[in-house]
Amino acid sequence: MESDEQDSLLEAENGQQRQQPYGIHSTTSRIKRRVKYYIPSTDWIPNYSLGLLAGDIISGITVASMLIPQSVSYATSLAHLTPTAGLFSASIPPIVYALLGTSKQLNVAPEAALSLLVGQAVSDVHKAHPASVLPVATVITLQVGIFSFLLGFFRLGFIDIVLSRALLRGFIAAIAVVIMIEQLIPMFGLVDLEHTLHPSSTIDKLLFLLKHTPENYHAPTTIISFSTLFILIFARSAKNHLKTYRYLGWIERLPEVLVVVVLSTALSSAFRWDQDGVAILGDVPIHQGTFFESPFHHHTLKHLKRTTSTAVVISVIGFLDSIVAAKQAALRFGYSVSPNRELVALGAGNLLASFVPGTLPAFGSITRTRINGNAGARTQLSSMVCAGVILLVTFFLLPLLWFLPKCVLASVILLVVWGLMLEVPEEVGYYYRMKSYADLSLCLLTFFTSIIWNVEVGIVVSLIVSLLLVVHRSGRVSMVILGRIPGTNQWKPIDENSAVEDEEDGVLIVRVKEATLDFANTGKMKDRLRRMELFGPSVSSGARRGPRPHPSDEPQRKEPTTIIFHMADVEYVDATAAQIWLEILSGYSARGVRLVFTHVKSEVLETFERTGIVQMLGREEGFKRDVAEAMEAVGQDRMASRAESERSV
Numbered sequence: 001m002e003s004d005e006q007d008s009l010l011e012a013e014n015g016q017q018r019q020q021p022y023g024i025h026s027t028t029s030r031i032k033r034r035v036k037y038y039i040p041s042t043d044w045i046p047n048y049s050l051g052l053l054a055g056d057i058i059s060g061i062t063v064a065s066m067l068i069p070q071s072v073s074y075a076t077s078l079a080h081l082t083p084t085a086g087l088f089s090a091s092i093p094p095i096v097y098a099l100l101g102t103s104k105q106l107n108v109a110p111e112a113a114l115s116l117l118v119g120q121a122v123s124d125v126h127k128a129h130p131a132s133v134l135p136v137a138t139v140i141t142l143q144v145g146i147f148s149f150l151l152g153f154f155r156l157g158f159i160d161i162v163l164s165r166a167l168l169r170g171f172i173a174a175i176a177v178v179i180m181i182e183q184l185i186p187m188f189g190l191v192d193l194e195h196t197l198h199p200s201s202t203i204d205k206l207l208f209l210l211k212h213t214p215e216n217y218h219a220p221t222t223i224i225s226f227s228t229l230f231i232l233i234f235a236r237s238a239k240n241h242l243k244t245y246r247y248l249g250w251i252e253r254l255p256e257v258l259v260v261v262v263l264s265t266a267l268s269s270a271f272r273w274d275q276d277g278v279a280i281l282g283d284v285p286i287h288q289g290t291f292f293e294s295p296f297h298h299h300t301l302k303h304l305k306r307t308t309s310t311a312v313v314i315s316v317i318g319f320l321d322s323i324v325a326a327k328q329a330a331l332r333f334g335y336s337v338s339p340n341r342e343l344v345a346l347g348a349g350n351l352l353a354s355f356v357p358g359t360l361p362a363f364g365s366i367t368r369t370r371i372n373g374n375a376g377a378r379t380q381l382s383s384m385v386c387a388g389v390i391l392l393v394t395f396f397l398l399p400l401l402w403f404l405p406k407c408v409l410a411s412v413i414l415l416v417v418w419g420l421m422l423e424v425p426e427e428v429g430y431y432y433r434m435k436s437y438a439d440l441s442l443c444l445l446t447f448f449t450s451i452i453w454n455v456e457v458g459i460v461v462s463l464i465v466s467l468l469l470v471v472h473r474s475g476r477v478s479m480v481i482l483g484r485i486p487g488t489n490q491w492k493p494i495d496e497n498s499a500v501e502d503e504e505d506g507v508l509i510v511r512v513k514e515a516t517l518d519f520a521n522t523g524k525m526k527d528r529l530r531r532m533e534l535f536g537p538s539v540s541s542g543a544r545r546g547p548r549p550h551p552s553d554e555p556q557r558k559e560p561t562t563i564i565f566h567m568a569d570v571e572y573v574d575a576t577a578a579q580i581w582l583e584i585l586s587g588y589s590a591r592g593v594r595l596v597f598t599h600v601k602s603e604v605l606e607t608f609e610r611t612g613i614v615q616m617l618g619r620e621e622g623f624k625r626d627v628a629e630a631m632e633a634v635g636q637d638r639m640a641s642r643a644e645s646e647r648s649v
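1 is the number of the first residue of the sequence shown in UniProt numbering; add one for each residue after it.
It should be emphasised that the hints constitute simulated quantities derived from the structure, not laboratory data. Source: prediction; values computed, not measured. Where hints are given, some of them may not hold.
Distance ranges between label pairs, derived from CB positions [unchecked claim]:
#	residue 1	residue 2	range
1	K526	I452	23 to 33 Å
2	V262	I452	51 to 61 Å
3	G592	L331	16 to 26 Å
4	M421	S29	47 to 57 Å
5	R473	R638	38 to 48 Å
6	R165	R332	11 to 21 Å
7	V259	I452	36 to 46 Å
8	N216	I452	21 to 31 Å
9	V471	K526	14 to 24 Å
10	R476	Y217	53 to 63 Å
11	F396	Y217	34 to 44 Å
No more than 16 Å apart at the CA atoms, straight line, and that leaves these computed lysine to aspartate or glutamate pairs for EDC-like [claimed, not checked]:
#	residue 1	residue 2
12	K305	D124
13	K601	E571
14	K624	E609
15	K205	D192
16	K239	E256
17	K601	E583
18	K211	E194
19	K492	E609
20	K205	E194
Glycine is no exception: its CB is placed at the ideal position from the N, C-alpha and C atoms.
Based on the provided sequences and hints, a complete structural model is requested.
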């Protein structure tokens, strides 16, 4: 007996010992899963397959060869900064993103549109403070990093579904026109004259080109610029045609931009185009002594207020473009991405980049991401390879670009603009074919306000309009009027089934088709219910097509004596919505209308009870299991009322 008890005690002790390691193991596994979730590189780096290495290296080199001239162009021609601003932006944020980002193909680097926004802010500050160019770019990148990180940290990544794609398309179209006009000035060799006359707005610069180009253009610069542009367009068209052949698929990886930049630099050096008046890149200091510098200095933070709006716009637009590119790549290669973790990764990358003075904000690109995937990228290692190649060029090969003509960089940017402009007619045509006039109007509003005023004003106005449209569209409770299917006790929406008959006079059955009722969508419920009382199914959700009745029209229904609310779809009612319900029901009660709720969930019933609705209507009289039971109760009440009338007579 004693040995049995001892054995039992030993088994219990062994069980406790076994449970303790199990608990520790469970906690450790959970922590590891969380770490892998929030830091994806801790998952893909240890499990990296060497079979993916060749594709990642080739894709990294391919994208780098395209990014190097593009980044230099964006920094010098659009942002009015040094070439290294673009190169560091194309190398530092991608490394951070590769460690924290969820997309395997997204390529993070400076963007033409966002660089233009930085350039406009730099120009505005430069007029008053000529020595403040680098601090302005730095403080913008710092704020972009903070805003993006906080948006992701507080799980606000849903903004990608709130803001309209039409807004983004209008913005891209406006950016294409603005950049085209900006770059035509150096392509015609009119930069010095522009600095003398100072045309400010896009329209002023267009008028400047029309007036001064015929008489003041610089012939060598113009010839080099447009020859380069035509060669690039021809090379891109030839690539798109030849890559369809079986043995010429490799031609898609040919970096025509890099080839043109190298050749034009060599020709400029050989024939000394600079002596003919062609502007060249010249010396590019790397600032090795102050490579990293804290952005939290007075000379940087003093520009905080005047650049905050620009940083907010860049954060929103950059994220929209990035998440579209990331989702397209995820759908193509069969994995998922998290908008919130994307925001955190992009924010962290820009935050680190702001410690390098003058670095541009960096976000993902649909075009580069597609090229990255086509070239063989299957993991984030491709971004690291791309960043490594760009850093090597920055520190060791940049002096070789001394004789690079600046007009060639303008031509490279115009090639990007050419691709953007080709997408616009298709998008506008799509909205027109779909008769989506609200989206078309938003697209045109963004475009014209950006052209007439500036890009920042256009985006802010369109963001406000877009959010107002979202509030307007979501601020309506979906409701339908139910009718009985003949010969049954089943009810269907009157406007969905021609066999459904309307109920007898005096009874209105309304089904509320919303999972959640809150302050936003119940605000106009009283007015919608009144219109349904007067005009019936023609104003309910899903009604037949045709002219909607005007409030001044004659009513099409008699005033109801009973309203039955079918609440099967409603899962939650917040405090404000419950208060609005109480006000609506009190108004009906004052008019002598009987009110009955059916299919009410327990949580909704508790809310109605706390609000006082249950006490006002009565639990037995005002709440029934289903519509059939409610109709039976209404019929009994009518019979009782009729009998009472007969007795009184």
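Tested hints:
Against the hinted window of 23 to 33 Å, the Cβ-Cβ separation of K526 and I452 comes to about 41 Å, which falls outside the hint. Checked against the hint of 51 to 61 Å, the pair V262 and I452 fails, with Cβ atoms roughly 40 Å apart. Against the hinted window of 16 to 26 Å, the Cβ-Cβ separation of G592 and L331 comes to about 57 Å, which falls outside the hint. Separated by about 52 Å at the C-beta atoms, M421 and S29 satisfy the suggested range of 47 to 57 Å.
In this structure the hint that R473 and R638 lie 38 to 48 Å apart at CB holds, the actual value being about 40 Å. R165 and R332 have their C-beta atoms about 19 Å apart, which keeps the hinted 11 to 21 Å range intact. A hinted range of 36 to 46 Å holds for the C-beta pair V259 and I452, which are about 39 Å apart. Distance hint for N216 and I452: a CB-CB separation of about 26 Å, consistent with the stated range 21 to 31 Å.
The hinted range of 14 to 24 Å is satisfied by V471 and K526, whose Cβ atoms lie roughly 18 Å apart. At roughly 57 Å, the beta-carbon separation of R476 and Y217 lies within the given 53 to 63 Å, and the hint holds. Against the hinted window of 34 to 44 Å, the Cβ-Cβ separation of F396 and Y217 comes to about 37 Å, which satisfies the hint. The straight-line distance between the Cα atoms of K305 and D124 is roughly 13 Å, inside the 16 Å bound, and the hint therefore holds.
Note on K601 and E571: the hinted pairing holds, with a Cα-Cα distance of about 7 Å set against a maximum of 16 Å. The straight-line distance between the Cα atoms of K624 and E609 is roughly 15 Å, inside the 16 Å bound, and the hint therefore holds. The suggested pairing of K205 with D192 holds, with an alpha-carbon distance near 14 Å, which does not exceed 16 Å. A distance of roughly 9 Å separates the Cα atoms of K239 and E256; the hinted pair therefore holds under the 16 Å criterion.
Taking the CA atoms of K601 and E583, the gap is about 21 Å. The hint is violated against a cut of 16 Å. A C-alpha spacing of about 12 Å is found between K211 and E194, which places the hinted pair at or below 16 Å, so the restraint holds. The suggested pairing of K492 with E609 is violated, with an alpha-carbon distance near 29 Å, which exceeds 16 Å. Restraint check: the Cα-Cα separation between K205 and E194 comes to about 9 Å, which is no more than 16 Å; the hinted pair holds.
In this structure, the hints that do not hold are numbers 1, 2, 3, 17 and 19, in rising order.
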